[in-house]
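*Asks:* Residues per chain, in single letters:
2 protein chains.
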Amino acid sequence: MPQTKILLDESEIPTHWYNVVADMPNPPAPPLGPDGKPIAPQALGAIFPEAIIMQEVSGERWIPIPEAVREIYRLWRPSPLYRAHRLEQALGTPAKIFYKYEGVSPAGSHKPNTAVAQAYYNKQAGIKRLATETGAGQWGSSLAFAGQMFGLEVRVYMVRVSYEQKPFRRSMMQTWGAEVFASPSDKTESGRKILAADPKSPGSLGMAISEAVEEAAGRKDTNYSLGSVLNHVLLHQTIVGLEAKKQMEKAGEYPDVVIACCGGGSNFGGIAFPFFADKAAGRKLRLVAVEPTSCPTLTKGKYAYDFGDTVGLTPLLKMYTLGHDFMPPGIHAGGLRYHGDSPLVSQLYHEGLIEAVAVPQLATFEAGVQFARAEGILPAPESNHAVRVAIDEALACKKSGEKKTILFNLSGHGHFDMAAYDKYFSGELEDYSYPEAAVAESMKRLPKVG
Amino acid sequence: MPQTKILLDESEIPTHWYNVVADMPNPPAPPLGPDGKPIAPQALGAIFPEAIIMQEVSGERWIPIPEAVREIYRLWRPSPLYRAHRLEQALGTPAKIFYKYEGVSPAGSHKPNTAVAQAYYNKQAGIKRLATETGAGQWGSSLAFAGQMFGLEVRVYMVRVSYEQKPFRRSMMQTWGAEVFASPSDKTESGRKILAADPKSPGSLGMAISEAVEEAAGRKDTNYSLGSVLNHVLLHQTIVGLEAKKQMEKAGEYPDVVIACCGGGSNFGGIAFPFFADKAAGRKLRLVAVEPTSCPTLTKGKYAYDFGDTVGLTPLLKMYTLGHDFMPPGIHAGGLRYHGDSPLVSQLYHEGLIEAVAVPQLATFEAGVQFARAEGILPAPESNHAVRVAIDEALACKKSGEKKTILFNLSGHGHFDMAAYDKYFSGELEDYSYPEAAVAESMKRLPKVG
Chain A
0 MPQTKILLDE
10 SEIPTHWYNV
20 VADMPNPPAP
30 PLGPDGKPIA
40 PQALGAIFPE
50 AIIMQEVSGE
60 RWIPIPEAVR
70 EIYRLWRPSP
80 LYRAHRLEQA
90 LGTPAKIFYK
100 YEGVSPAGSH
110 KPNTAVAQAY
120 YNKQAGIKRL
130 ATETGAGQWG
140 SSLAFAGQMF
150 GLEVRVYMVR
160 VSYEQKPFRR
170 SMMQTWGAEV
180 FASPSDKTES
190 GRKILAADPK
200 SPGSLGMAIS
210 EAVEEAAGRK
220 DTNYSLGSVL
230 NHVLLHQTIV
240 GLEAKKQMEK
250 AGEYPDVVIA
260 CCGGGSNFGG
270 IAFPFFADKA
280 AGRKLRLVAV
290 EPTSCPTLTK
300 GKYAYDFGDT
310 VGLTPLLKMY
320 TLGHDFMPPG
330 IHAGGLRYHG
340 DSPLVSQLYH
350 EGLIEAVAVP
360 QLATFEAGVQ
370 FARAEGILPA
380 PESNHAVRVA
390 IDEALACKKS
400 GEKKTILFNL
410 SGHGHFDMAA
420 YDKYFSGELE
430 DYSYPEAAVA
440 ESMKRLPKVG
Chain B
0 MPQTKILLDE
10 SEIPTHWYNV
20 VADMPNPPAP
30 PLGPDGKPIA
40 PQALGAIFPE
50 AIIMQEVSGE
60 RWIPIPEAVR
70 EIYRLWRPSP
80 LYRAHRLEQA
90 LGTPAKIFYK
100 YEGVSPAGSH
110 KPNTAVAQAY
120 YNKQAGIKRL
130 ATETGAGQWG
140 SSLAFAGQMF
150 GLEVRVYMVR
160 VSYEQKPFRR
170 SMMQTWGAEV
180 FASPSDKTES
190 GRKILAADPK
200 SPGSLGMAIS
210 EAVEEAAGRK
220 DTNYSLGSVL
230 NHVLLHQTIV
240 GLEAKKQMEK
250 AGEYPDVVIA
260 CCGGGSNFGG
270 IAFPFFADKA
280 AGRKLRLVAV
290 EPTSCPTLTK
300 GKYAYDFGDT
310 VGLTPLLKMY
320 TLGHDFMPPG
330 IHAGGLRYHG
340 DSPLVSQLYH
350 EGLIEAVAVP
360 QLATFEAGVQ
370 FARAEGILPA
380 PESNHAVRVA
390 IDEALACKKS
400 GEKKTILFNL
410 SGHGHFDMAA
420 YDKYFSGELE
430 DYSYPEAAVA
440 ESMKRLPKVG
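Chains as they are written, first to last, in numbering that gives the first Met the number 0: chain A, 0 to 449; chain B, 0 to 449.
Excised from the complex, chain A in its bound form (with noise of 0.2 Å):
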């Protein structure tokens, strides 16, 4: 039997982020400010390092990783990637899966990609603190980790029902010496104001972002950082794709369709964008983002420019978007619960040069478990949508007798989501349809600019 896992060397971690903004046909569309004229990259210099502001704007195709960077990702870097030798028969497919695993970083996903090169840019700026928002607590804890790794200090703004009902996460980030507070919290102006009209508000995360956005604003110490949907972020998480095709590459297969879930677009971006530039240059691929239909950014939004947080703080950003004060149901993959979308996976989408699917959740858990039977690994909820899209693929090969190449990204392990397993099995997860009267209502409020 060909090999299960196809490994990489810490030698082999790619010395260079790759810049998908090179390959596009258009240049980005830039954020424009409240005036609604695009903003000075300086603008954003009170939260973020210069060198973060530049590759958010950069132009360059390939952007070096620095050496500090490339240390701290050898702790778990190159990650795997896996044929998935027994999902395919057990799917009776004469496709060849692939995936690439990113659950094996610390913190179980491939958000640490992006939370150590931030980190690094902001300890080499003198900057001593690192102020975040968090949901369920994914990024909370990559951030925590990476500032660990630099001696920076983290202080995470986690969602107040998320802090009392998933103390795990929480423990996570203070193993990794952060601290968490619930927030909305007493620390900034904008907590304080919102306990003040409701002392129980259980949080969101537009609070959340307004708390930490406070603190990094106000403090010369202390910068802000973000998780995902910027074209900074993205680019870190380029390192996915690069090692999967040097990977691929091993394997002797190329593919025919790389799969990935989307909510913010780091997830997609990193797998996608490498093989983008491949597909700019005259080869024939399919990139498939995969979202929930709770929550259909690309597949019902709509191409526009939009708030990036709910409560409207931050740049406008040209994205697909189901309004900035669209409440997505409460499904369990908490990463992809984001009104918007990543700018650079938006213009491709509106240009024809990516795809988009969205999925029902109660099919995504089938998905995982038929995949959890077969590999062994446990997938994010997130996960689990590339996941069925994945055997979708597969299974439409077996009808068809096509011997697709597919490639997805698991993007994360499923350890802490094990209650949402819990629902599936005792029959308590439900299935939401597309939620078409709450995200015409967030349309009417779409900024009239642009």
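These are computed hints drawn from the structure, not numbers from a lab.
Heads up, some of the hints might be wrong.
[Unchecked claim] Within a straight-line C-alpha distance of at most 25 Å, the following computed DSS-like cross-link-like pairs (lysine-lysine) qualify:
1) 422/A x 301/A
2) 249/B x 4/A
3) 165/B x 4/A
4) 245/A x 165/B
5) 422/A x 165/B
6) 278/A x 249/A
7) 245/B x 4/A
8) 249/A x 249/B
9) 447/A x 299/A
Following the hints, position chain B against chain A.
*Replies:* Okay, now just chain B, sitting in the frame of chain A:
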């Protein structure tokens, strides 16, 4: 900087397990029946397949690993060996610290190494179902995974209090297709008896063993499977040490000391026995088993014949024991709460060929947190015992200036143990001293044989 991870290719997965019996100065003390006479291996035929029984009593040095078992091992093996560069720096030690990481398996520890082998041999023998017990769920989930790989049904009797308090390991077992029952259950006579006497019984490992053994003994299609203690289990685990030896050789190093936590002994035996072969051949090195001060079997127990289970169903095993009905305090390293120890480990300890040390709970968590902050990985509470002693050895080197090479086994990750870390951080975790009076009591009930 030298490599962080020393990896092996799939083709380097060992082809044979190593049987330490071949290199022990004296033959192993035989298990005894209730009459005090050595039992015939065939007596175990009601619950074990013949291939396993033959391994249990084998004196052959090398036992081939079936190709079908190596095929499943390839899903995560060879496991990585790490050089703990960042931990060394944090400690300021001249010692070199290496660790083998078994947390990469689907179940998150070394346990699947034997679960997969046991499932295979049972499948070969025409068995359809495996019954086993589990406490917190680590062993049950490993056997659930292994059973799924070979199409065997798996029935797990899970101690009721864990079943109710720790639903996540239960969901994990269900994801891999196992049936999980809270024990005592109404599925067996033993269970029904216990429930009749106490309908609210919280259960115990001893009770769960009774249920699983009863089911296996009473059904032709069903066998029993055990996760530690017995010779064949330790045999299967030697794949850990065999890989580690190859990896140390690749790194150009040889350990002065090999450290592992020790409950039933399969984790310690797994990494230490292949190195013991060198010691038996004259090489100078130390092999150190680490146990909790609250359950100090090797360091405080008596070397005597005793039952392997609480209620006295098993053959009598010659081992270090605290008495078969000793109830260890409720430390979070559930895998180390065992009154006895592997007869092979016990005999080597009795003959002065290996060392043992007991460490208190708080010091192990302190070590685990220090490790996580340096290396990223969050260790299981059991593994923290090995981390503690590895750090202590490294700090002794700092004092003495010795440049020792330290190797320890990081037997698993702590993703399902964050509640224990949570208690550690909130100051709720207790230290337990040696429960001298309780041990004196249980020692009175040692069977009078041998």
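*Asks:* Against this structure, judge whether each hint is valid.
*Replies:* Hints and how they fare:
no.	hint	in the structure
1	422/A x 301/A	violated, 33 Å
2	249/B x 4/A	holds, 20 Å
3	165/B x 4/A	violated, 32 Å
4	245/A x 165/B	violated, 41 Å
5	422/A x 165/B	holds, 14 Å
6	278/A x 249/A	holds, 20 Å
7	245/B x 4/A	holds, 19 Å
8	249/A x 249/B	holds, 22 Å
9	447/A x 299/A	holds, 20 Å
When each numbered hint is compared with the structure, violations occur for hints 1, 3, 4.
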